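**Student:** Construct all of the structure, not just a fragment, from the sequences and the given hints.
As you go down the protein sequences, you meet chains A and B in turn.
So in my numbering, the last spot in the first sequence is 165, and the numbers never skip.
So in my numbering, the last spot in the second sequence is 631, and the numbers never skip.
If you're looking for bench data, these hints aren't it; they were derived computationally from the structure.
Keeping only pairs whose Cα atoms sit at most 20 Å apart, straight-line, the calculated SDA-like set for lysine to any residue is: (1) Lys-71(A) to Tyr-103(B); (2) Lys-302(B) to Arg-287(B); (3) Lys-120(A) to Leu-65(B); (4) Lys-155(A) to Ile-24(B); (5) Lys-137(A) to Gln-68(B); (6) Lys-137(A) to Ala-3(B); (7) Lys-306(B) to Ser-368(B).
Values in this document were obtained by computation on a predicted structure and should not be read as measured data.
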Amino acid sequence: MPFPSFPSVSTTSAQPERPKINNLLITAIAATVLSPVNGWAVQPHGGAEGLVSHELGHLLFMLGIVIMLIKVRGYGRETGWSAFTKFLWLAIVWNILTFSSHWMDTGSAADNFLIFDGQKTGFQIQNFLGLFYYLSKLDHLVLIPALLYLLTALKLWSRDVKEIS
Amino acid sequence: MIAPWWPIITVDVLGSITAFFIAIRCIHLSWGWSNKSPDDVFRHYAFMLTLAIGAFAIFRSFGHLVKQGLLFAGWPETWQMIAPFSGAGNTMTFVTIFAFSIYFDRQRQVKLQIDQSTLALAEANAQKVEAQKSYDRLRSIFDGMEDAVYIVTENYQINFFNRKMQELVPSMELGKSCFAVLKELAEPCEDCNLASILREDKNISREFTFLSSDRKFNLLEIPMRWIDGTRVKLNVARDITFQKELEEQLLHAQKLESIGTLAGGIAHDINNALTPILGYTELALLRAEDNEALTNQLIEIKRCAKRSSEMIRRILAFSKRQILQTRELDINELVKNIAKMFQSLMEENITLKLYLAEDLERVSADQSQIEQIITNLAVNARDAMPEGGTLMIETMNVSTADSICLSCGERFIGPYVLIVVSDSGAGMNEKIKERIFEPYFTTKGNEKGTGLGLAMVHGIIHQHEGHINLYTDEHMGTTVKIFIPTLTEKLSQETEKVIDGTDTESNYGSETILLVEDDESVRKLAVTILRKFGYQVIEADSGEQAIELVSTFNNTIDLILTDVVMPGMNGKQLVGKIQAIFPKIHVLYMSGYTNNLIASHGILEPEIEFIQKPFVPSELTNKIHTILHSN
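**Tutor:** Laid out in structure tokens, this is it:
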């Protein structure tokens, strides 16, 4: 798919002049109206592009969790922080699982589904990657404990009368 | 191997529902925790982070439930349309979580810094409160002091003063110059020693008077370093007015004591000298009945001797060293008698008024001395009213709660008989009033007054354990108040004995008398008198000789007539030794001055018989006769 290009602008005068802003705006509007092409930037992102942005989101999420994990190390075993640390570790594991799962959604593993009457009924595990893909779809088994640890941390903080110092 | 897909769907659906509710619970908890301490920025941040994580979990769970629902319903195309939005939403929550995570530590640090600042602020506040408490405590101490305290800088500026100082100098103000406030001067005082005190770093103590007060102060000036390091002078002013007054009173009392001691010594010798003069004159008068010229001369000698004797008596009276012969007295009767006698002596233009309390308590006093006092005061009052006026004598019972004797400075409490002698005469100014009780101080001139009258009154009253206050002002008359303690118990009969009778005929006797007297002329006179009246006399010139004679004349002596003050063994000691052998022997002491050997504060012990020198023959024989025939 060709990358859309802006029409070139040239002048006939001997001495080149800097185009005025108004001229550029008029030219852009005219080009958009008179010569339309696919404008991907304003369309819903499905497919690979949507996946990439989502995966980047996962990476940012994971990066944020790692940053917090590094900072939390200094807080020791104060009330709630231990549970919060466990939440962070599980959140990383969850991110890795889901990141991998999303990545493999577009790969060959996704071709091993058994479909009956338009519904997925089974998955053919051919190798370790396939097994990993299958298990990665059970990510709630990691996410729920992670959220429970967060809940525990908040409960402990909330009950603790001592101020965080 | 084919793995069923339904477990995946089941876990996804159930996990989504569970995650949804856990996320809501997390947000709720975090909200509550944050609200427990609204000022805590980290809690607020933690809530926002939880909200982002919760939003992710809710959004994702909702998306997955919709997905599973649509796929189950057989509408995969619909899901295909929604899926990008669901994914984008999840991505948005991921980015939000990431954004919050960046600030995780920063928020934590801010929280710690705020905590530290709050703690530091609390500590600073606590220190400030403690400092204020310390200041208040010190201020209370300074303000509680009865000493006036102020601090002056080297530039003469006042930078501290306490309550007492403010009371003394109401215009006291911080920052003002000390010379302006304390002395109302435009420049430092001529005798200012601020610079020298600070330079020499030495304390100085001196007497000082503030312009606004007539009281005397001891000003202690102390160089010190102020809190900002500058040199200042601490001034502590202690009111010594009362102390000064006490010192003056003490000096006055010491002066009177010295005069009294001197008077006592003189009285002893002069009375010893006057005794033979009076005695022999009396005896000579008996023999010179037919010679008128000689009789007149002897009478003149006797009058002069009596006058000298009276003078000595007065000196002893004001110095509180005379012997008092106390008895139960009705002051009202006494005043009435004096008034009768005095009425005839007064000028016609003077009105005498008596206001006597009907139920006046009795007192224990020497009648003649009290008569002397009232007469003296009445004469003074009369003399103060040459152009006439009113003389009032009042008596009343008073019970003083806490009065001060203005003449001796003592506080006195209890029931007293008050005698008030007032006149409407010229009064006295403050200068005269201050010296009025001094011996030999008179305002009447040498011809009219001896200067011993009020001094004697003062002495007699205090010897009676009473007090005297004098109130006067120029042209306002004078009021003298005499307080005599009321009699609490009836006096014994022995102290009420009154020597009466002057019938010399009845004073003859034949008993044996041991005469002990170191003064030869007195001894000879006494021997002459006693033998003339028929008595057997054994002479001794000392206590030691008397003891020997007593053992020689074993049990034949009826009475010991002894001087009190003698070299070696005194009269009291002598009597003690003789009475140890002969307890029933009669004793008569004679003395011109007893030095309190036989009397306590001038009041004779009840069993003691005494005759004051100088005496005339009839007084001596009368006294001896009374003693020998009393039982």
